[in-house]
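If you want the building blocks of each chain, they are given just below.
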Amino acid sequence: MNERNDNLVSRGSSAGSPSRVCPKCGAPVAAVGGEAPLKCVRCGTPLSASLPRAATSPIAAASEDRGEIILAIDRLSVLARNKPLISDVNLHIPVGKVTAIIGPSGCGKTTLLRSMNRMVELHHLQVKGTVRYLGQDIYGAQVNPVLVRRKIGMVFQRPTVFPTSVFENVAFGLRLDGESEDTVEKAVVSSLRRTGLWDEVKDALDRPALTLSGGQQQRLCIARALAVSPRVLLMDEPTSSLDPAATQRVEDLIFELKSDYTVVIVTHNMQQAARVADLTAFMYQGRLVEFDTTKRVFEQPKEKLTENYITGRFG
Amino acid sequence: MGAWLGSPVALMPLLILGAVVAVLLIASGLKDFGLTFWGFQYRFVPGEPDASSWGIGVFLVGTFLTASLSLILATALSLALAISSVVYLPPLPGRLLSMVTNLLAGIPSVVYGIWGFVVLAPYFGLTLEPSLRDVLGWLPGFGGPSSDIGPWGTLLAVLVLTIMIIPLTTALMREALRSVPRDLVEAGLAVGATRWEVVRRVRLPVARNGLWSAVLLGFGRALGESVAVAMVIGGTSIALPPNLYASTTTVASFIFSQLDSALIYPNLFVLLVEFSLVLLVVAVVVNLVAQRFTRVELATATTLGGGE
Ligand SMILES: Nc1ncnc2c1ncn2[C@@H]1O[C@H](COP(=O)(O)OP(=O)(O)O)[C@@H](O)[C@H]1O
Ligand SMILES: [Mg+2]
Numbered sequence: 005m006n007e008r009n010d011n012l013v014s015r016g017s018s019a020g021s022p023s024r025v026c027p028k029c030g031a032p033v034a035a036v037g038g039e040a041p042l043k044c045v046r047c048g049t050p051l052s053a054s055l056p057r058a059a060t061s062p063i064a065a066a067s068e069d070r071g072e073i074i075l076a077i078d079r080l081s082v083l084a085r086n087k088p089l090i091s092d093v094n095l096h097i098p099v100g101k102v103t104a105i106i107g108p109s110g111c112g113k114t115t116l117l118r119s120m121n122r123m124v125e126l127h128h129l130q131v132k133g134t135v136r137y138l139g140q141d142i143y144g145a146q147v148n149p150v151l152v153r154r155k156i157g158m159v160f161q162r163p164t165v166f167p168t169s170v171f172e173n174v175a176f177g178l179r180l181d182g183e184s185e186d187t188v189e190k191a192v193v194s195s196l197r198r199t200g201l202w203d204e205v206k207d208a209l210d211r212p213a214l215t216l217s218g219g220q221q222q223r224l225c226i227a228r229a230l231a232v233s234p235r236v237l238l239m240d241e242p243t244s245s246l247d248p249a250a251t252q253r254v255e256d257l258i259f260e261l262k263s264d265y266t267v268v269i270v271t272h273n274m275q276q277a278a279r280v281a282d283l284t285a286f287m288y289q290g291r292l293v294e295f296d297t298t299k300r301v302f303e304q305p306k307e308k309l310t311e312n313y314i315t316g317r318f319g
Numbered sequence: 217m218g219a220w221l222g223s224p225v226a227l228m229p230l231l232i233l234g235a236v237v238a239v240l241l242i243a244s245g246l247k248d249f250g251l252t253f254w255g256f257q258y259r260f261v262p263g264e265p266d267a268s269s270w271g272i273g274v275f276l277v278g279t280f281l282t283a284s285l286s287l288i289l290a291t292a293l294s295l296a297l298a299i300s301s302v303v304y305l306p307p308l309p310g311r312l313l314s315m316v317t318n319l320l321a322g323i324p325s326v327v328y329g330i331w332g333f334v335v336l337a338p339y340f341g342l343t344l345e346p347s348l349r350d351v352l353g354w355l356p357g358f359g360g361p362s363s364d365i366g367p368w369g370t371l372l373a374v375l376v377l378t379i380m381i382i383p384l385t386t387a388l389m390r391e392a393l394r395s396v397p398r399d400l401v402e403a404g405l406a407v408g409a410t411r412w413e414v415v416r417r418v419r420l421p422v423a424r425n426g427l428w429s430a431v432l433l434g435f436g437r438a439l440g441e442s443v444a445v446a447m448v449i450g451g452t453s454i455a456l457p458p459n460l461y462a463s464t465t466t467v468a469s470f471i472f473s474q475l476d477s478a479l480i481y482p483n484l485f486v487l488l489v490e491f492s493l494v495l496l497v498v499a500v501v502v503n504l505v506a507q508r509f510t511r512v513e514l515a516t517a518t519t520l521g522g523g524e
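Residue numbers (this note's numbering), protein chains in the order written: chain A, 5 to 319; chain B, 217 to 524.
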């Protein structure tokens with residue numbers, strides 16, 4: 005639970021270990037697909053350049069200076085029966101920040117988000133290009149998608165609580181590992197505290213989760229995602245079914261989560277992006293048009309398309 | 217009140233049920249066979265009503281025994297089939313599997329009966345029964361001698377019934393599993409559950425009522441099956457079967473197989489009518505319970521759908 009294992013190949017901690025480790029801190033250095041990070045992902049020690057350097061695109065390179073990259077998306081296209089839903093997207097998501105993806109409806113935001121933890125595969129979509137999590141290609145042949153989703157959790161547009169109790173909803177992922185009752189309980193309580201739900205539900209842990217309000221249900225889903233200790237949280241319009249007060253609470257929560265998690269949030273509400281996100285990516289018709297700090301995207305966009313969108317000229 | 221009175225079409229099923237019950241009641245003349253009707257003694261001595269006894273017990277035991285055993289087998293198999301076609305198979309083979317099972321549901325039961333009689337029976341007698349006795353002989357019911365009339369008996373009827381109800385239960389279970397909201401399935405996967413873990417911890421619990429309803433409707437079907445069962449169950453001895461290989465009989469198959477005698481003996485005719493009334497009551501009860509489950513299912517689905 006406490007120790008972080010970023011190995012995506014097998015559930016055990018030792019099996020399938022990466023071929024290299026950082027000489028200073030011993031953190032695994034994944035070299036999947038011949039590409040490896042230049043710095044240790046944990047302690048920042050420079051690594052020898054014997055491994056080939058990843059080819060980076062201009063947009064990706066521009067984001068290098070925003071800190072350590074936790075998710076590196078390069079030349080990513082997702083196709084449905086040979087029809088591209090998103091094309092040639094390059095996006096490097098820095099650790100510990102909130103990154104928003106905005107754009108008109110149908111532009112591929114959800115598809116891009118769902119390609120970040122291999123959920124696109126569930127819809128029989130074809131993926132080209134790479135998505136690297138701390139250097140490991142999550143679509144690598146040996147990678148187990150189940151472990152990818154544990155490291156990169158997801159919250160959906162509408163609350164997706166299971167028809168069980170509040171407690172069991174949060175415990176769902178932990179039960180899969182057969183954790184001891186004690187561990188499960190600790191993790192459930194700490195996740196509920198983390199999402200600010202504890203005070204509201206601490207006397208109702210055995211109640212059916214479906215009896216909670218919509219806003220509470222959505223925060224319960226966030227707690228459930230956090231309980232398996234992911235490092236990235238993907239959120240697909242998490243407040244679109246909520247009233248303004250519940251939306252406010254979720255936004256506050258996203259802001260607080262930044263200290264421990266990397267958040268990627270899809271929203272078609274530009275004000276929301278402006279409120280919660282450090283970085284904003286603008287998509288249009290399956291392409292990533294602009295990616296920069298939220299301030300710059302909203303105040304001095306480089307692209308005409310972006311400007312038109314944020315000034316409300318379409319969308 | 218006017219709403220349903222106003223639509224005679226809506227009353228049709230009720231009228232039909234009423235008519236069936238009324239006709240059966242009149243045909244039986246409500247003849248009282250005495251308390252022995254509910255007993256386990258059945259002895260029909262033509263022309264000597266006083267020497268005869270008319271217990272339905274053995275038939276009911278045969279009915280519930282064959283129906284329950286086939287239901288256990290059918291539930292396991294159709295659950296496996298439904299899960300693989302909904303969860304594991306790619307769309308095309310999944311649809312193909314559904315198509316074939318639906319096709320099987322449309323085959324007349326007499327065809328299953330003749331297949332059981334001609335094809336399954338010899339295989340059962342020569343291969344299956346001896347190996348079952350070897351392997352499971354220590355279990356009550358699985359040891360002991362063969363039926364004295366050949367392979368025809370309880371277990372053969374169970375196997376034929378199983379094959380007959382699998383298409384129905386599979387189709388219903390598939391619907392139940394399919395109706396699990398996709399969001400919930402993906403939410404399970406998104407916390408890092410495997411597909412199997414999602415089946416076990418999300419799909420099955422969420423679809424629980426629909427699955428129960430499938431099981432009960434399959435049970436209803438098995439209880440009422442007459443032709444095919446009559447063809448393979450032996451039906452010669454009207455006594456509790458000493459083991460699963462022994463021949464026995466069920467209410468439905470007995471009614472079916474005695475119709476010709478009933479034309480000659482009025483007492484037997486009336487008895488069969490009353491037997492069918494009992495069967496009708498059992499079937500109605502099973503179906504009502506099944507429908508209760510379906511209704512609960514709909515209620516859960518709507519709660520799940522609504523957010524705030
Ligand atoms: N599984 C799929 N198969 C085919 N087309 C899809 C699929 N999922 C989404 N699309 C299409 O891809 C486009 C982008 O969808 P999406 O990523 O959901 O956009 P957004 O979230 O920005 O509204 C839409 O035109 C949508 O119809
Ligand atoms: Mg979307």
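The reader is advised that the hints may include incorrect statements.
The following label-pair restraints were derived from C-beta to C-beta distances [unchecked claim]:
id, chain 1, residue 1, chain 2, residue 2, range
1, A, Ala84, B, Arg311, 41 to 51 Å
2, B, Pro397, A, Ser14, 28 to 38 Å
3, B, Arg416, A, Gln252, 33 to 43 Å
Residues from chain A that keep clear of chain B, each with C-beta distances beyond 12 Å, as calculated [as the list claims (entries may be wrong)]:
id, residue
4, Ser91
5, Lys262
6, Glu311
Since the hints were made in silico from the structure, they are not lab data.
Ideal Cβ positions, reconstructed from N, Cα and C, are used throughout, including at glycine.
Next on the checklist: Which constraints among the numbered hints does this structure fail? Numbers only, ascending.
Outcome noted: 1
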